[in-house]
Amino acid sequence: MTAAYHWLFVPLTLGLAMAMAIMETLYVVKKDEFWKKAAKFWIKLFAINFAVGIATGIILEFEFGTNWSNYSWFVGDMFGAPLAIEGILAFFMEATFFAVMFFGWEKVSPKFHLASTWLTGIGATISAYWILVANGWMQNPVGTTFNPDTVRSEMASAAAFWQVISNPVAVSKFCHSVTSGWVTGGIFVVGVSAWYLLKNRHIEFAKRSMLIGVIVGLVGSGAVMLSGDSSGVHAAEFQPMKLAAAEGLKDGGKRASFTIIPGVKIPGMLSVLATHKLDGFVPGINDILNGYTDDEGNVIPSVADKMAMGREALDALATYRERKDSDPAAAAAALEVLRANERYMGYGHLEKPEDIVPPVGVVFWAFRLMIGFGMLIALVLLLCAIGLWKDKLGSWKWLLWAGIICIPLAYITGQCGWIVAEVGRQPWTIQGILPVNVAISSLSAAAVKTTFFVFLAVFALFLVIEIRILLGAIRKGPDFVEPEKR
Amino acid sequence: MTYEFLQNYWWCLIALLGGLLVALMFVQGANLHLGNRKLSDLQKRVILNSTGRKWELTFTTLVTFGGAFFASFPLFYSTSFGGAYWVWVLLLITFVFQAVSYEFQNKKENLLGVKSFRIALMVNGFLAPFLVGTAVGTFFTGSDFTVNKLAIADPSSPVISVWGNGWHGLDALGQYHAVLLGCALVFLTAILGALFVLSNVDDDEIHSESRRSIKVATGPFLLFFLTWTVILLVRQGYAVSDTGVVSLEKFKYLHNLLQMPAVLVMLLAGVVLVLWGIWKGGFTKSRKGFWLAAPGTVLVVMAVFFLAGFNGTAYYPSCADLQSSLTIRDSSSSLFTLKVMSWVSLLIPFVLAYIVFAWRAMDKKRISGEEISGTPDKY
Numbered sequence: 001m002t003a004a005y006h007w008l009f010v011p012l013t014l015g016l017a018m019a020m021a022i023m024e025t026l027y028v029v030k031k032d033e034f035w036k037k038a039a040k041f042w043i044k045l046f047a048i049n050f051a052v053g054i055a056t057g058i059i060l061e062f063e064f065g066t067n068w069s070n071y072s073w074f075v076g077d078m079f080g081a082p083l084a085i086e087g088i089l090a091f092f093m094e095a096t097f098f099a100v101m102f103f104g105w106e107k108v109s110p111k112f113h114l115a116s117t118w119l120t121g122i123g124a125t126i127s128a129y130w131i132l133v134a135n136g137w138m139q140n141p142v143g144t145t146f147n148p149d150t151v152r153s154e155m156a157s158a159a160a161f162w163q164v165i166s167n168p169v170a171v172s173k174f175c176h177s178v179t180s181g182w183v184t185g186g187i188f189v190v191g192v193s194a195w196y197l198l199k200n201r202h203i204e205f206a207k208r209s210m211l212i213g214v215i216v217g218l219v220g221s222g223a224v225m226l227s228g229d230s231s232g233v234h235a236a237e238f239q240p241m242k243l244a245a246a247e248g249l250k251d252g253g254k255r256a257s258f259t260i261i262p263g264v265k266i267p268g269m270l271s272v273l274a275t276h277k278l279d280g281f282v283p284g285i286n287d288i289l290n291g292y293t294d295d296e297g298n299v300i301p302s303v304a305d306k307m308a309m310g311r312e313a314l315d316a317l318a319t320y321r322e323r324k325d326s327d328p329a330a331a332a333a334a335l336e337v338l339r340a341n342e343r344y345m346g347y348g349h350l351e352k353p354e355d356i357v358p359p360v361g362v363v364f365w366a367f368r369l370m371i372g373f374g375m376l377i378a379l380v381l382l383l384c385a386i387g388l389w390k391d392k393l394g395s396w397k398w399l400l401w402a403g404i405i406c407i408p409l410a411y412i413t414g415q416c417g418w419i420v421a422e423v424g425r426q427p428w429t430i431q432g433i434l435p436v437n438v439a440i441s442s443l444s445a446a447a448v449k450t451t452f453f454v455f456l457a458v459f460a461l462f463l464v465i466e467i468r469i470l471l472g473a474i475r476k477g478p479d480f481v482e483p484e485k486r
Numbered sequence: 001m002t003y004e005f006l007q008n009y010w011w012c013l014i015a016l017l018g019g020l021l022v023a024l025m026f027v028q029g030a031n032l033h034l035g036n037r038k039l040s041d042l043q044k045r046v047i048l049n050s051t052g053r054k055w056e057l058t059f060t061t062l063v064t065f066g067g068a069f070f071a072s073f074p075l076f077y078s079t080s081f082g083g084a085y086w087v088w089v090l091l092l093i094t095f096v097f098q099a100v101s102y103e104f105q106n107k108k109e110n111l112l113g114v115k116s117f118r119i120a121l122m123v124n125g126f127l128a129p130f131l132v133g134t135a136v137g138t139f140f141t142g143s144d145f146t147v148n149k150l151a152i153a154d155p156s157s158p159v160i161s162v163w164g165n166g167w168h169g170l171d172a173l174g175q176y177h178a179v180l181l182g183c184a185l186v187f188l189t190a191i192l193g194a195l196f197v198l199s200n201v202d203d204d205e206i207h208s209e210s211r212r213s214i215k216v217a218t219g220p221f222l223l224f225f226l227t228w229t230v231i232l233l234v235r236q237g238y239a240v241s242d243t244g245v246v247s248l249e250k251f252k253y254l255h256n257l258l259q260m261p262a263v264l265v266m267l268l269a270g271v272v273l274v275l276w277g278i279w280k281g282g283f284t285k286s287r288k289g290f291w292l293a294a295p296g297t298v299l300v301v302m303a304v305f306f307l308a309g310f311n312g313t314a315y316y317p318s319c320a321d322l323q324s325s326l327t328i329r330d331s332s333s334s335l336f337t338l339k340v341m342s343w344v345s346l347l348i349p350f351v352l353a354y355i356v357f358a359w360r361a362m363d364k365k366r367i368s369g370e371e372i373s374g375t376p377d378k379y
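In order, the protein sequence lines correspond to chains A and B. The opening position of the first sequence corresponds to residue 1 in the working numbering, with each subsequent residue numbered one higher. The opening position of the second sequence corresponds to residue 1 in the working numbering, with each subsequent residue numbered one higher.
There may be inaccurate statements among the hints.
[What the hints assert, rightly or not] Beta-carbon label-pair distances, calculated as ranges:
(1) Phe112/A to Val230/B: 48 to 58 Å
(2) Ser373/B to Lys111/A: 26 to 36 Å
(3) Lys476/A to Lys215/B: 42 to 52 Å
(4) Val216/B to Leu456/A: 51 to 61 Å
(5) Gly113/B to Glu106/A: 53 to 63 Å
(6) Ala340/A to Arg329/B: 51 to 61 Å
(7) Ala340/A to Leu254/B: 48 to 58 Å
(8) Thr243/B to Ser166/A: 37 to 47 Å
(9) Asn147/A to Arg235/B: 49 to 59 Å
The set of hints was computed from the structure by calculation and includes no laboratory data. Cβ atoms here follow ideal geometry from the backbone N, Cα and C, with glycine treated the same way.
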């Protein structure tokens with residue numbers, strides 16, 4: 001929940017950072033005061049957004065500890081290194097250079113200032129990478145060894161560390177999130193510029209800004225589609241249940257068809273998307289519940305079997321820890337049982353097989369909205385590019401309106417993506433290892449609810465204020481005496 | 001590099017981050033002065049912009065402090081944050097408000113008005129040092145929790161760290177010894193804030209007000225801090241044997257101080273620097289007191305962390321079940337993780353260097369009322 005809120009503010013930070021850094025580069029390279037003023041305007045909007053972004057970010061970090069106590073112990077060892085790197089490399093970079101960027105126009109040289117603007121953006125991007133390494137690991141826990149003495153996942157070797165940081169899920173997630181941030185930032189610049197064009201204000205500024213916005217947005221759109229495709233393949237490989245839910249696929253098979261909306265299907269398409277093979281086998285929800293054989297001939301046991309093995313592993317763990325000192329032989333035997341079954345240990349916490357099915361309707365529709373709006377935004381960006389090129393924007397009022405409308409749509413798209421990724425993996429906090437009901441702190445439901453609603457109210461308030469201030473700043477416009485009307 | 005060495009190394013880094021965090025809370029301390037009635041609106045705005053260029057550093061240090069604890073001593077993170085829940089949640093809320101208050105307060109569309117955001121900054125100015133101080137205070141008084149790693153194998157109650165009472169951390173307010181440290185920290189950060197403003201701002205009236213507040217805050221600071229120290233040295237402490245068994249030892253922290261002369265020297269040097277800084281800032285014409293008191297603060301806080309964790313001491317003791325107490329040895333990350341993080345930590349000097357560079361570039365010229373009225377780049 002907090003994560004989704006945070007994600008409201010992050011994409012704009014990433015995308016706008018790109019746009020304004022490009023503008024300022026133009027200023028420094030071309031020595032054109034125009035771009036300095038343009039960059040300054042967008043940085044002002046950036047700052048308003050940034051404040052709320054870090055405010056929600058800090059909650060997110062500490063919430064791991066406060067509300068997910070067991071989880072923090074269990075994964076502390078896996079996340080330690082990525083998060084330490086994030087803190088040291090990225091956070092300080094962002095914080096230090098943000099201050100220079102915001103206040104330093106008159107205080108430091110243009111080049112130093114430019115470097116600061118880039119570093120703020122780069123810092124934000126690096127931090128996104130490391131946090132998604134952590135998130136990617138939860139989706140596809142690689143490079144981990146369960147240590148029965150400390151009762152947690154541990155990272156045991158350099159190879160394991162490398163597996164964690166080069167986790168394919170993390171890499172495609174990173175590309176997908178960051179470039180979708182560019183789309184958001186791009187469409188934000190485009191939409192705001194479109195509004196100026198509609199109001200016949202700051203025409204030159206709006207056109208030039210829009211060009212930058214279109215470029216950032218289109219590059220982002222292309223990359224989002226590519227990385228989205230590989231995200232789909234990874235989901236098929238590591239989280240088949242998520243894919244099945246996103247597709248509403250009850251019974252899978254070879255040449256599985258892709259549902260555009262219920263009732264409209266493209267035969268075989270899903271197999272192509274998910275496995276890049278026409279004959280690829282895509283398991284449906286029932287296949288996963290009852291067990292199936294995949295394309296490579298591996299037999300995947302049914303969830304009931306996995307649960308039984310998981311329980312055996314948990315019992316063996318208890319026996320091991322009880323006998324460790326008193327009866328080494330029994331402990332060694334227990335350890336062997338544990339090792340044989342540990343890959344399904346998480347299933348031992350489940351009550352019934354159906355627990356592993358996420359809310360299908362939510363995931364299904366979120367996935368459709370994400371793709372639909374994403375395509376729409378890309379189309380609008382493309383049309384804007386054509387409009388700019390042919391200099392027809394003045395008469396294409398409908399397109400300008402579409403540009404404005406796309407700003408909220410971009411946010412909805414991002415949130416839908418978040419829902420697919422995070423709701424789609426329920427009940428697991430760590431795929432196959434730790435379900436949500438075991439990840440928690442021992443707090444009363446009332447305490448958790450109170451905090452939840454307090455934060456909800458606080459952030460809703462901030463969101464309203466932020467939007468008001470943003471609108472105010474946009475209405476006021478950049479710092480020009482409008483001589484540039486042509 | 002042995003496991004033990006790495007664990008100690010990371011405890012040192014945690015202590016360093018803690019020290020930097022407290023020293024950087026001059027931002028919070030300075031914001032307390034926003035309530036001073038003798039200052040005009042413009043003067044308040046000058047102070048706001050003076051700390052406004054630094055608050056991200058404090059905030060980031062807090063985040064990194066939490067992150068480093070998570071990464072190097074995850075059992076502390078899960079036990080304390082999930083257990084002493086309300087203390088941390090309260091702290092976070094004040095910081096959340098602080099983060100947006102700078103950006104929002106002088107915007108006309110902010111719904112709540114300048115005043116509410118100023119009050120939010122002052123609430124944070126008081127509660128942040130108070131809560132952090134009290135939380136660190138419990139490193140010596142102990143808290144009410146139990147740790148049972150086997151719990152995770154028991155589906156009916158899988159939580160490893162369990163807090164013993166419904167107050168979830170607010171119980172620390174009943175530990176007068178911990179509260180003393182919280183109070184001491186409030187006055188210390190107020191002093192540091194005044195010293196910082198003195199060095200960073202060009203305005204005679206603000207200067208004389210800062211000097212006055214330094215004089216006012218020094219008495220209570222010394223009272224709270226010295227009382228806390230004396231009680232610390234005579235109280236029972238939580239000792240750990242080589243086999244990991246925790247027991248109560250009389251005068252444990254006094255013993256620690258005497259058995260680790262380096263820590264004793266650090267503590268004394270730190271206290272001397274802080275007092276010297278106060279003297280220079282509050283009682284002479286000099287404006288550089290901050291640069292003595294801030295490093296002094298770092299040294300004192302580090303010494304306090306060393307007393308809590310080194311020399312066979314449980315740094316996060318449990319008064320509910322002695323053997324649940326957390327020690328540097330049994331609450332850390334695995335050998336390999338610590339190793340990787342230690343390599344990464346070699347970048348810290350580089351990070352510090354660019355922070356110093358940017359700081360100096362930004363503060364070449366002191367902030368004045370004219371600047372704030374003249375520039376659009378401000379809060």
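To see whether the hints hold, each was checked on the structure:
no. : hint                             : result
1   : Phe112/A to Val230/B: 48 to 58 Å : holds, 50 Å
2   : Ser373/B to Lys111/A: 26 to 36 Å : holds, 28 Å
3   : Lys476/A to Lys215/B: 42 to 52 Å : holds, 44 Å
4   : Val216/B to Leu456/A: 51 to 61 Å : violated, 40 Å
5   : Gly113/B to Glu106/A: 53 to 63 Å : violated, 29 Å
6   : Ala340/A to Arg329/B: 51 to 61 Å : violated, 31 Å
7   : Ala340/A to Leu254/B: 48 to 58 Å : holds, 53 Å
8   : Thr243/B to Ser166/A: 37 to 47 Å : holds, 40 Å
9   : Asn147/A to Arg235/B: 49 to 59 Å : violated, 36 Å
Checked against the numbered hints given earlier, the structure breaks hints 4, 5, 6 and 9 and satisfies all the rest.
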